[in-house]
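Residue numbers (UniProt numbering), protein chains in the order written: chain A, 1 to 392; chain B, 1 to 392; chain C, 1 to 368; chain D, 1 to 368.
Where hints are given, some of them may not hold.
[What the hints assert, rightly or not] From the structure, some residues in chain B lie toward chain A, with a derived Cβ separation under 10 Å:
hint: 1; residue: 204
hint: 2; residue: 379
hint: 3; residue: 380
Rather than coming from a laboratory, the hints here were simulated on the basis of the structure.
Using N, Cα and C, we set each Cβ at its ideal position, and we do this for glycine too.
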Amino acid sequence: MSHSAHIGDRVRELLAAHDPGSTDRLEFLRARFDAGLAWVHYPVGLGGLAAPRELQRVVDAELEEAGAPDNDPRRIGIGLGMAAPTVLTYGTEEQKNRFLRPLWTGEEVWCQLFSEPGAGSDLAALGTRAVRDGDDWIVTGQKVWTSSAHSARWAILLARTDPELPKHQGITYFVCDMSAPGVEVRPLRQITGEAEFNEVFLTDVRIPDAHRLGEVGEGWKVARTTLMNERVAIGGAAIPREGGMIGIVAGTWRERPELRTPELHARLVKLWARAEALRLTGVRLRQQLAAGGPGPEGSGMKLAFAKLAQDISGFEVELMAEEGLRYDDWTLRRPDIVDFTGRGPGYRYLRAKGNSIEGGTSEILRNIIAERVLGLPTEPRSDAGPWKDLPR
Amino acid sequence: MSHSAHIGDRVRELLAAHDPGSTDRLEFLRARFDAGLAWVHYPVGLGGLAAPRELQRVVDAELEEAGAPDNDPRRIGIGLGMAAPTVLTYGTEEQKNRFLRPLWTGEEVWCQLFSEPGAGSDLAALGTRAVRDGDDWIVTGQKVWTSSAHSARWAILLARTDPELPKHQGITYFVCDMSAPGVEVRPLRQITGEAEFNEVFLTDVRIPDAHRLGEVGEGWKVARTTLMNERVAIGGAAIPREGGMIGIVAGTWRERPELRTPELHARLVKLWARAEALRLTGVRLRQQLAAGGPGPEGSGMKLAFAKLAQDISGFEVELMAEEGLRYDDWTLRRPDIVDFTGRGPGYRYLRAKGNSIEGGTSEILRNIIAERVLGLPTEPRSDAGPWKDLPR
Amino acid sequence: MNLLYTEIEEDLRASVRAVLTDHCPPSAVLARLESDSSYDASLWELLASLGALGLHVPEEHGGQGASLRETAVVLEELGRFTAPVPFLGSAVLATTALVACESDLVASLASGTTVGALAVPLTTAPGSPFPATVSVEDGLLTGRVTSVVDAGAASLLVVPVEGPALYAVRADSPGVTVTEVVSLDMTRRIADVSLASTPGVVIASGDRATAAVQSALRVGAGLLASEQVGIAEACLEQTVRYVKERHQFGRAIGSFQAIKHRLADLWLELVCARATARHAADVLATGSADADVAVALAQSECSELAVRAAEETVQLHGGIGMTWEHPAHLSLKRAKVGQLALGTPGEHRRTLGRLVHLPMDIPSMGQT
Amino acid sequence: MNLLYTEIEEDLRASVRAVLTDHCPPSAVLARLESDSSYDASLWELLASLGALGLHVPEEHGGQGASLRETAVVLEELGRFTAPVPFLGSAVLATTALVACESDLVASLASGTTVGALAVPLTTAPGSPFPATVSVEDGLLTGRVTSVVDAGAASLLVVPVEGPALYAVRADSPGVTVTEVVSLDMTRRIADVSLASTPGVVIASGDRATAAVQSALRVGAGLLASEQVGIAEACLEQTVRYVKERHQFGRAIGSFQAIKHRLADLWLELVCARATARHAADVLATGSADADVAVALAQSECSELAVRAAEETVQLHGGIGMTWEHPAHLSLKRAKVGQLALGTPGEHRRTLGRLVHLPMDIPSMGQT
């Protein structure tokens with residue numbers, strides 16, 4: 001029997017046993033996980049059926065049509081996109097059984113404790129210390145840019161276990177209980193007025209060695225699995241023409257003739273053309289991926305998207321003229337989900353500034369393209385010695 | 001008696017003794033040199049009166065008014081701007097007496113043998129060898145970007161006299177006789193079709209040690225005097241509003257309404273604004289210099305000028321539409337004087353590409369601004385070892 | 001034409017900077033954002049005591065009898081610190097309008113005892129039609145003016161009224177409503193002003209009123225360029241400092257060539273913009289016929305520079321530049337709003353094109 | 001919509017590239033500049049033998065019955081080598097016009113035995129009015145068309161004539177004068193064409209003639225984008241190679257971050273431009289209603305990219321890139337002329353704005 005037919009049966013069985021109309025949301029999600037329909041390419045017993053990844057779309061579509069609840073993936077993106085593949089690849093059987101089910105159902109939210117004030121682009125320079133103490137590790141340090149930290153139960157955490165080694169060595173990867181004593185979460189307000197992120201202060205936090213992922217000192221290798229999955233996620237989905245920010249501005253242009261000037265027109269059409277070109281580039285990238293091509297173009301999409309979003313939103317404030325002087329609301333808020341295009345022009349302008357910083361600065365992405373795609377030589381290294389001796 | 005009154009007397013004496021209307025041009029120039037009115041800030045006996053430099057303008061103006069011939073300074077720019085100050089600073093008495101007078105009168109044209117195919121931005125990496133042989137040096141190598149080489153009698157030359165030392169050491173500065181055996185000059189054609197420059201091949205050229213400027217191994221120090229004077233020369237003179245390229249394009253715009261589009265209008269006005277801003281920057285720079293300020297702004301003028309010239313000339317070709325498809329003449333020519341704004345739009349476009357390369361690339365100028373003006377750290381050095389071991 | 005700073009100007013700068021360094025550090029400006037009082041009244045008094053509020057006001061009207069060149073220098077410093085004082089609204093726009101009318105009222109603005117505001121939308125460009133959204137009947141004013149800069153701090157409103165005329169209105173008069181709006185620039189706020197049968201005093205009418213408003217807008221746009229030079233200069237200095245200190249990959253990030261080249265380019269743009277701003281201030285001070293060209297040039301160049309400098313500052317600070325607690329956003333918001341204030345760069349360039357005889361009229365325009 | 005290259009297309013590319021690598025190295029192109037024959041006739045024959053000249057010509061008219069997608073791939077390769085062949089004039093413009101008229105004459109163009117040229121100025125944009133500068137009387141044509149691409153190589157001229165009509169004219173007919181002009185693009189020359197009572201054969205008239213010319217211009221502009229992608233790609237590859245080899249200051253200059261970042265940006269622009277060029281070729285091949293948008297987008301993006309890539313190539317090669325003996329200028333000149341050919345980027349964007357309903361009409365336009 002083909003994978004696809006088999007999966008079709010499983011979906012029907014799930015729906016027959018748990019009528020979406022009358023079943024409790026969480027109960028349904030747990031049943032779906034147990035039926036192997038959470039992520040079909042995961043192993044049997046861990047929410048999957050060891051089936052080809054692309055069949056997931058079929059499952060999702062059928063369940064959506066039947067009115068089944070989903071696991072609100074935007075709310076638990078870090079768990080799904082980063083923690084889960086890492087736990088799957090490096091976790092012990094016990095860890096996989098413990099963590100994956102509530103992660104997928106959203107019962108337990110995850111966050112990421114990687115970046116530090118002194119280790120941003122140069123993540124491997126991180127200085128949060130973990131010192132062995134019997135069966136535990138004692139962790140102290142400061143992490144930053146942590147979204148969902150205030151609602152998270154677990155965190156994936158990188159800490160330095162040996163400062164005598166060069167920076168990429170001597171790092172170990174842990175799962176940190178966010179409710180443990182010594183974990184303090186403070187909202188980190190941004191220039192938009194919102195606090196999407198948090199600072200997390202770790203003071204003598206005890207983590208059992210059983211919550212280590214991968215070997216001691218192998219944390220960088222483990223983290224690469226996590227980060228690779230982040231990059232893939234950023235590739236983004238198909239959007240229609242005028243999807244995203246350009247559509248908002250084009251709409252304003254059409255509805256508000258009094259705002260038009262020839263100079264703004266020339267700029268708008270140029271932006272429209274860039275947006276459409278980038279959209280087509282995304283279409284082409286997905287066609288390459290589907291055809292199995294390696295598609296180095298992916299590395300550039302985020303870079304181009306950030307620049308475009310900044311240029312469009314900067315243009316929009318100018319276009320709005322007197323309305324551009326205003327802002328909708330400076331109140332400190334902690335949004336669960338960030339919508340770059342939501343709210344007003346001022347918000348879009350300010351928020352877009354982060355696009356070229358978060359998840360890899362544009363400077364770092366250009367380095368990556370130059371070195372990995374174009375094969376240009378690396379800079380002479382200045383950070384080869386022991387971590388403890390690096391200038392900072 | 002004040003300098004200025006004294007100089008006024010000297011001018012009148014010169015004119016009285018050598019009526020410009022009836023005196024042979026060369027004879028007049030020699031007499032002017034001997035009267036100390038060639039470059040008044042030079043020492044007495046070497047064409048000057050040890051007077052303040054700014055008095056030269058008065059002399060030039062008075063002599064011009066009296067209808068006296070000048071020494072055609074654009075034709076002998078390298079001699080006047082680069083060779084002369086270096087000979088003055090580092091030459092022996094004999095060298096100064098031998099070289100300066102015919103240099104200034106234009107009887108002997110000078111050129112510069114510094115750059116090499118493998119040593120452009122990194123001039124100090126030059127590899128032309130000079131080996132001592134009795135009272136002579138024997139020089140072999142290839143030089144490039146030499147303007148006036150085909151009409152020059154003398155060249156200022158940098159050659160490596162010790163390859164075992166780091167690159168800035170082991171260089172020696174010579175005066176090379178361009179009519180000596182072993183000197184071969186070939187025109188170097190550019191993308192404009194013209195050959196403004198030459199390649200110069202040196203094969204076992206004998207240079208007497210008496211034509212060395214400065215000490216053996218001190219050539220880099222000597223060259224800095226030469227190059228500093230080149231940079232000052234590039235600062236440029238005062239121009240009126242719409243002087244230079246922008247004036248040509250603005251004129252076309254005014255005369256040719258059929259070429260106009262709103263997009264081109266927006267771009268033209270932007271270019272006009274940049275040109276006027278840069279012009280005012282030049283005015284301000286000269287005011288700073290006059291006020292004795294150090295004016296680091298000077299380092300940027302060439303960079304900004306090059307970019308502007310390229311942008312304007314690129315715009316102009318677009319503006320010209322069908323005429324932009326054409327070129328005036330691809331014939332190989334060896335112009336004595338280069339006029340960036342002469343000829344047609346295609347020529348201006350192509351010639352302007354050189355503005356960001358010749359006399360210090362824009363990349364090098366940005367390094368200079370970043371390090372010397374902004375005080376940013378230098379790159380880690382990769383070229384500290386002996387010259388002979390450098391990768392190339 | 002003198003594009004340099006005179007010794008007197010440098011002395012003035014030093015005094016203003018000393019006050020601002022002591023009383024207006026970024027921490028204080030940031031803390032004020034959370035407070036109820038948008039404006040720093042004690043800083044305003046200190047600036048008044050330096051004579052900085054009436055520099056270009058004639059001595060017979062209670063000012064310093066200096067020129068707009070000196071006022072421009074003060075603006076550079078206020079821009080450096082994104083100082084939360086109503087200088088643009090009161091000491092530039094309202095003051096210039098009152099000086100043009102030779103009104104005695106200017107004395108109290110010059111001394112700082114009164115804060116004034118010119119009741120026009122902040123986006124009004126020089127050369128715009130007289131902005132008369134207020135009508136007069138029986139000496140009472142009625143109408144509404146949106147987005148008036150510094151109106152929230154003003155006790156004296158200088159109001160263009162149809163006619164045209166210019167009226168002085170006390171902000172505590174009957175029928176006056178000043179509604180602060182949420183401003184993108186948090187250190188320079190705007191407010192909507194409503195008048196309902198409000199008494200006012202006419203201070204100019206006819207061509208004189210028109211000329212006064214035009215003078216204020218022209219001077220405002222021209223001098224705002226100096227503020228923007230100050231913003232850009234502070235951003236560049238702060239960023240250079242940061243990239244020298246911040247280490248990643250074992251090096252100061254300021255040693256990476258891509259960053260060096262970007263900052264070199266920014267420095268060069270600043271050098272050029274400064275020449276245009278000084279030129280505008282000088283030409284405005286001397287009353288040259290070239291003033292409109294100089295203002296359009298300076299405002300278009302400097303407002304774009306300030307935005308670029310502030311944006312580069314955020315980017316090159318990385319994450320920290322995106323935080324509320326870092327002052328980079330104060331400059332960013334001031335710069336971005338400055339792009340809209342008193343004419344956008346596009347509007348100024350359009351004006352410039354007209355002034356320097358680069359016309360845009362194209363026979364085929366209608367088709368597109 | 002398929003934006004990738006099919007296997008067939010990749011095979012075609014490999015064949016064309018092999019021929020060009022052997023017969024059209026930069027040294028040969030440079031040497032030809034000094035010779036009397038602008039075009040490489042033997043290369044033209046080789047391309048004909050590959051079937052590359054009639055890819056989008058139906059088989060019944062002697063072509064390959066493939067599509068414009070394949071022709072676009074050939075153009076990419078010709079752009080990479082700045083090949084001196086009359087492909088744009090003959091295999092694209094004239095051929096497309098003849099295909100649109102279903103004229104038998106196209107067979108000899110597809111086979112390469114005849115070189116054709118479409119007698120319109122190279123700067124004519126799609127959507128322009130029918131370019132009728134030639135009149136007809138008693139079946140004899142008289143008039144002048146300037147800047148016709150590849151006319152100097154053509155034996156068959158496809159001539160728009162007032163009426164409108166489209167005529168075929170043999171270049172050796174009485175009254176025909178073809179005057180080569182000095183072209184900025186030395187590897188793709190233009191010529192002025194004069195007709196004086198010249199006999200011709202009508203191949204289409206009325207709407208059909210108009211449609212044929214429009215089709216040729218649209219296809220020409222859309223496919224030129226692919227050539228420009230080829231130019232940019234070759235420039236980037238050549239520059240990357242050079243900066244890896246060239247050492248200054250003891251390092252490959254390609255290890256300096258400023259250069260790395262510029263080349264990364266250029267690569268990214270190339271990636272985006274390629275998507276638009278492939279899209280245009282695909283949409284033209286399938287005859288979608290979106291063709292005009294796709295062409296305007298691709299041509300405006302790709303022509304600017306090619307110029308930028310060629311300019312960066314010259315700059316990053318330093319002095320050597322300014323020399324006649326280095327091929328960088330061939331790409332620069334081809335790219336710069338390409339910016340004017342078949343509509344400037346500005347014209348295409350204006351068209352785009354109209355097509356996607358971003359109108360420019362502004363009530364106040366007349367004032368400026």
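Going down the list of hints, with the structure as the test:
The restraint placing residue 204 of chain B at the interface with chain A is violated, with a minimum CB-CB distance near 37 Å, outside the 10 Å limit. With a cut of 10 Å, the hint placing residue 379 of chain B at the interface with chain A holds, because the nearest CB-to-CB distance is about 8 Å. Here the hint on residue 380 of chain B is kept, as its CB sits about 5 Å from the closest CB of chain A, short of 10 Å.
In summary, the structure is inconsistent with hint 1 from the numbered list given earlier, while agreeing with all the others.
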